[in-house]
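J.: One letter stands for each residue in the lines below.
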Amino acid sequence: MGMTIAEKIIARAAGVEQVRAGDIHTVTLDRMMSNDGTTHLTVDMYNNKLKHPHVADAGKMVFIVDHNVPSDSPKTAAAQKKMRDFAREHQIDFWEGKGVCHQIMMEHYVCPGELIFGADSHTCTYGALGAFGTGVGCTDLLYGMVTGTSWVLVPETVKFNLTGRLQKGVYPRDLMLTIIGKIGANGVNYQVMEFCGDGVKTLSVNDRMVLCNLSVEAGAKTAIFEADEIALEYLKSRGREPKAVFSSDPDAAYAKEYTFDLAEIRPVVAKPDFVDAVVPAEEVCGIRIDEAFLGSCNNGRIDELRVGAAIVKGKKIPGHVRFLVVPASQEVYLQAMEEGLIETFMESGAIVMNPNCSVCWGSCQGVIGEGEVLISTGTRNFKGRAGHPSSKVYLGSAATVAASAVRGEICMADCLATS
Amino acid sequence: MAMGKIFKFHNDLDTDQIIASQYLLLPNIDEMKVHTFESLDPEFPKKVQPGDYVVGGENFGCGSSREQAPSVLKALGVKAVVAKSFARIFYRNAINIGLPVIVCKDLPDAVESGDEMELFLSEGVAKTGGRTYSCTKLPEYMQQILSQGGLIASLNKEG
Numbered sequence: 001m002g003m004t005i006a007e008k009i010i011a012r013a014a015g016v017e018q019v020r021a022g023d024i025h026t027v028t029l030d031r032m033m034s035n036d037g038t039t040h041l042t043v044d045m046y047n048n049k050l051k052h053p054h055v056a057d058a059g060k061m062v063f064i065v066d067h068n069v070p071s072d073s074p075k076t077a078a079a080q081k082k083m084r085d086f087a088r089e090h091q092i093d094f095w096e097g098k099g100v101c102h103q104i105m106m107e108h109y110v111c112p113g114e115l116i117f118g119a120d121s122h123t124c125t126y127g128a129l130g131a132f133g134t135g136v137g138c139t140d141l142l143y144g145m146v147t148g149t150s151w152v153l154v155p156e157t158v159k160f161n162l163t164g165r166l167q168k169g170v171y172p173r174d175l176m177l178t179i180i181g182k183i184g185a186n187g188v189n190y191q192v193m194e195f196c197g198d199g200v201k202t203l204s205v206n207d208r209m210v211l212c213n214l215s216v217e218a219g220a221k222t223a224i225f226e227a228d229e230i231a232l233e234y235l236k237s238r239g240r241e242p243k244a245v246f247s248s249d250p251d252a253a254y255a256k257e258y259t260f261d262l263a264e265i266r267p268v269v270a271k272p273d274f275v276d277a278v279v280p281a282e283e284v285c286g287i288r289i290d291e292a293f294l295g296s297c298n299n300g301r302i303d304e305l306r307v308g309a310a311i312v313k314g315k316k317i318p319g320h321v322r323f324l325v326v327p328a329s330q331e332v333y334l335q336a337m338e339e340g341l342i343e344t345f346m347e348s349g350a351i352v353m354n355p356n357c358s359v360c361w362g363s364c365q366g367v368i369g370e371g372e373v374l375i376s377t378g379t380r381n382f383k384g385r386a387g388h389p390s391s392k393v394y395l396g397s398a399a400t401v402a403a404s405a406v407r408g409e410i411c412m413a414d415c416l417a418t419s
Numbered sequence: 420m421a422m423g424k425i426f427k428f429h430n431d432l433d434t435d436q437i438i439a440s441q442y443l444l445l446p447n448i449d450e451m452k453v454h455t456f457e458s459l460d461p462e463f464p465k466k467v468q469p470g471d472y473v474v475g476g477e478n479f480g481c482g483s484s485r486e487q488a489p490s491v492l493k494a495l496g497v498k499a500v501v502a503k504s505f506a507r508i509f510y511r512n513a514i515n516i517g518l519p520v521i522v523c524k525d526l527p528d529a530v531e532s533g534d535e536m537e538l539f540l541s542e543g544v545a546k547t548g549g550r551t552y553s554c555t556k557l558p559e560y561m562q563q564i565l566s567q568g569g570l571i572a573s574l575n576k577e578g
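Protein chains in written order, with our numbering: chain A, 1 to 419; chain B, 420 to 578.
These are calculated hints, taken from the structure and not from any lab test. Be aware that a few hints might be false.
What the hints assert, rightly or not - Pair ranges (Cβ atoms, derived):
hint, chain 1, residue 1, chain 2, residue 2, range
1, A, Thr-26, B, Lys-466, 34 to 44 angstroms
2, A, Pro-250, B, Thr-551, 40 to 50 angstroms
3, B, Asp-528, A, Asp-261, 32 to 42 angstroms
4, A, Lys-168, B, Tyr-560, 45 to 55 angstroms
As the list claims (entries may be wrong) - Straight-line Cα separation of at most 30 angstroms, DSS-like style, residue types lysine-lysine; simulated pairs:
hint, chain 1, residue 1, chain 2, residue 2
5, A, Lys-182, B, Lys-503
6, A, Lys-159, B, Lys-524
7, A, Lys-201, A, Lys-168
8, B, Lys-503, B, Lys-546
9, A, Lys-383, B, Lys-465
10, A, Lys-75, B, Lys-466
11, B, Lys-503, A, Lys-271
12, A, Lys-383, B, Lys-466
13, A, Lys-51, B, Lys-493
14, A, Lys-182, A, Lys-383
15, A, Lys-256, B, Lys-556
16, B, Lys-503, B, Lys-493
Claimed, not checked - Chain A regions said to be covered by chain B (calculated; three or more residues, Cβ under 8 angstroms):
hint, stretch
17, 42-49
18, 125-139
19, 185-191
20, 383-389
Think of the CB as a built atom: it goes at the ideal place given N, C-alpha and C, for glycine as much as any other residue.
Model the full assembly from the supplied sequences, consistent with the hints where possible.
T.: Given below as structure tokens:
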């Protein structure tokens with residue numbers, strides 16, 4: 001019986017020839033990432049709970065402060081100081097204020113074939129480069145840090161065959177929200193989403209990150225693309241080499257298969273309070289908004305900033321809307337400045353912020369108040385996710401968010417252009 | 420195990436509802452636990468007693484990987500979470516910290532908040548309302564982590 005890409009990565013990390021869905025294996029982790037959402041607790045456990053505190057291989061560890069950066073209170077500052085001090089003491093790579101953790105990982109670390117644990121649910125983003133990245137809690141992270149290993153229950157793989165090409169004005173985010181809307185918030189629970197087919201050749205690494213990143217919103221353990229020439233070119237341009245390049249065997253076992261024709265995808269919006277409450281964008285047009293957010297590990301890269309800037313160029317954001325623009329990393333920010341995008345956003349009235357998780361996680365900047373409405377390129381729209389429990393979050397593409405910011409109500413970019 | 424009271428929640432209950440983002444960077448779980456389920460039932464931390472149970476529907480604990488979610492439940496004395504299905508990160512985190520997570524397809528629809536329940540972990544059954552429900556047993560590997568009190572306890576045991 002053949003294996004899928006995900007199974008091959010686990011087999012390599014476990015040092016065995018063959019793994020099958022349902023097996024439990026001990027694996028050697030290639031890399032571990034932890035951010036300021038939980039690291040202070042990990043450090044506390046390291047200091048207070050372990051009989052033999054020890055870092056197996058500091059070279060595999062990356063600590064990134066991105067959730068509340070710069071710190072917003074003495075308690076946050078204390079939590080981050082604990083993380084910073086630990087990283088220094090143990091010579092762990094430490095990033096602060098340089099970008100959202102997954103963007104930093106993709107820009108500087110992730111390689112095809114690696115098995116990576118991250119103490120953040122969107123670690124599944126790394127499948128865009130053919131790596132197996134999965135989200136864990138701080139106890140798992142601590143165990144991995146101390147032993148260099150962990151346990152993995154081999155997940156089933158579900159095949160997503162993509163055909164055709166997205167139409168102009170439709171984005172990978174529309175595609176992924178459409179998929180989640182179809183399969184549901186637990187549609188691939190504990191499974192791997194493998195994207196394949198001719199359609200993937202039309203998707204850049206950035207586009208693939210958008211798809212993989214949101215896979216956890218359908219319950220996936222991770223999502224993965226084969227590291228093809230597009231991925232290897234991205235890697236090469238950043239001076240990195242793959243760990244291993246795997247493709248799925250023709251006789252590999254899949255739990256299920258879906259086919260999506262990219263040409264049929266249309267702009268969609270996920271309504272509050274569930275990511276799978278996906279409807280055609282037309283259905284929610286006209287809903288008044290208080291805030292719009294363009295950023296996050298899902299949708300804050302240069303491609304999305306270009307889309308947003310092109311829509312707001314020469315227009316003014318109405319007085320009742322706060323439009324937050326948050327580049328996913330400083331690299332993205334600098335590129336956007338070079339291209340004049342930041343100037344365009346500021347001239348429109350947008351608030352351009354430093355790279356961080358911002359309102360996407362509801363405890364940084366831009367938190368919304370009682371009954372307020374946000375349209376967002378963030379990852380989630382759970383009840384109260386962006387602030388007050390009675391506030392509402394709609395998820396849309398960068399184009400829909402930018403057009404909505406200009407109109408002051410949910411609006412598709414096409415409607416804005418023709419009005 | 421003794422009888423405990425049930426606190427029942429909806430399908431796709433996400434970890435933001437268990438403990439909101441704004442409390443995650445508080446210094447420790449004890450400071451966080453008073454905010455458990457704040458968006459849905461602000462009185463929950465006062466009402467819940469050690470030995471009580473949380474019951475969910477499908478996909479319990481979806482969303483964020485915040486281990487603070489199972490940790491605040493455990494810190495408040497919740498004995499176990501019983502649901503039709505769990506999101507994987509919450510499930511794994513709960514086992515790793517030593518909080519039993521039990522899959523039971525029939526029980527959640529048959530109970531209401533306030534009902535009394537008794538759980539027999541090793542037998543894999545729950546009793547409530549005069550009925551006995553069979554639950555899915557954990558794979559042995561996970562059962563072992565749980566019985567040792569979580570992953571860190573088992574690590575310390577390994578030496």
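J.: Within 30 angstroms, alpha carbon to alpha carbon, are A:Lys-383 and B:Lys-466?
T.: Distance of about 22 angstroms is within 30 angstroms: holds.
J.: Regarding the pair A:Lys-159 and B:Lys-524, is the alpha-carbon distance no greater than 30 angstroms?
T.: Holds, at about 27 angstroms.
J.: B:Lys-503 and A:Lys-271 were given as a pair; does the straight-line alpha-carbon distance stay at or below 30 angstroms?
T.: holds, 25 angstroms
J.: Count the residues of the stretch 185-191 of chain A whose CB lies closer than 8 angstroms to any CB of chain B, then report whether that count reaches three.
T.: With 4 residues in contact (Cβ-Cβ under 8 angstroms with chain B), the coverage given for the stretch 185-191 of chain A holds.
J.: In this structure, is the beta-carbon distance linking A:Lys-168 and B:Tyr-560 contained in 45 to 55 angstroms?
T.: holds, 50 angstroms
J.: Falls inside 34 to 44 angstroms, the C-beta gap from A:Thr-26 to B:Lys-466?
T.: For A:Thr-26 and B:Lys-466 the Cβ distance comes to about 41 angstroms; the hint holds.
J.: Between B:Lys-503 and B:Lys-493, is the straight-line Cα distance small enough, at 30 angstroms or below?
T.: holds, 20 angstroms
J.: Are A:Lys-182 and B:Lys-503 close enough, with their CA atoms no more than 30 angstroms apart?
T.: holds, 21 angstroms
J.: Run the distance test for A:Lys-51 versus B:Lys-493: straight-line Cα separation, threshold 30 angstroms.
T.: holds, 22 angstroms
J.: Three or more residues of the stretch 125-139 of chain A near chain B by CB distance under 8 angstroms?
T.: holds (count 5)
J.: B:Lys-503 and B:Lys-546: Cα distance at most 30 angstroms?
T.: The given pair, whose Cα atoms are some 16 angstroms apart, holds under the 30 angstroms limit.
J.: Given the hint that A:Lys-383 pairs with B:Lys-465, test it: the Cα-Cα distance must not exceed 30 angstroms.
T.: holds, 22 angstroms
The structure fails none of the hints (numbered hints given earlier).
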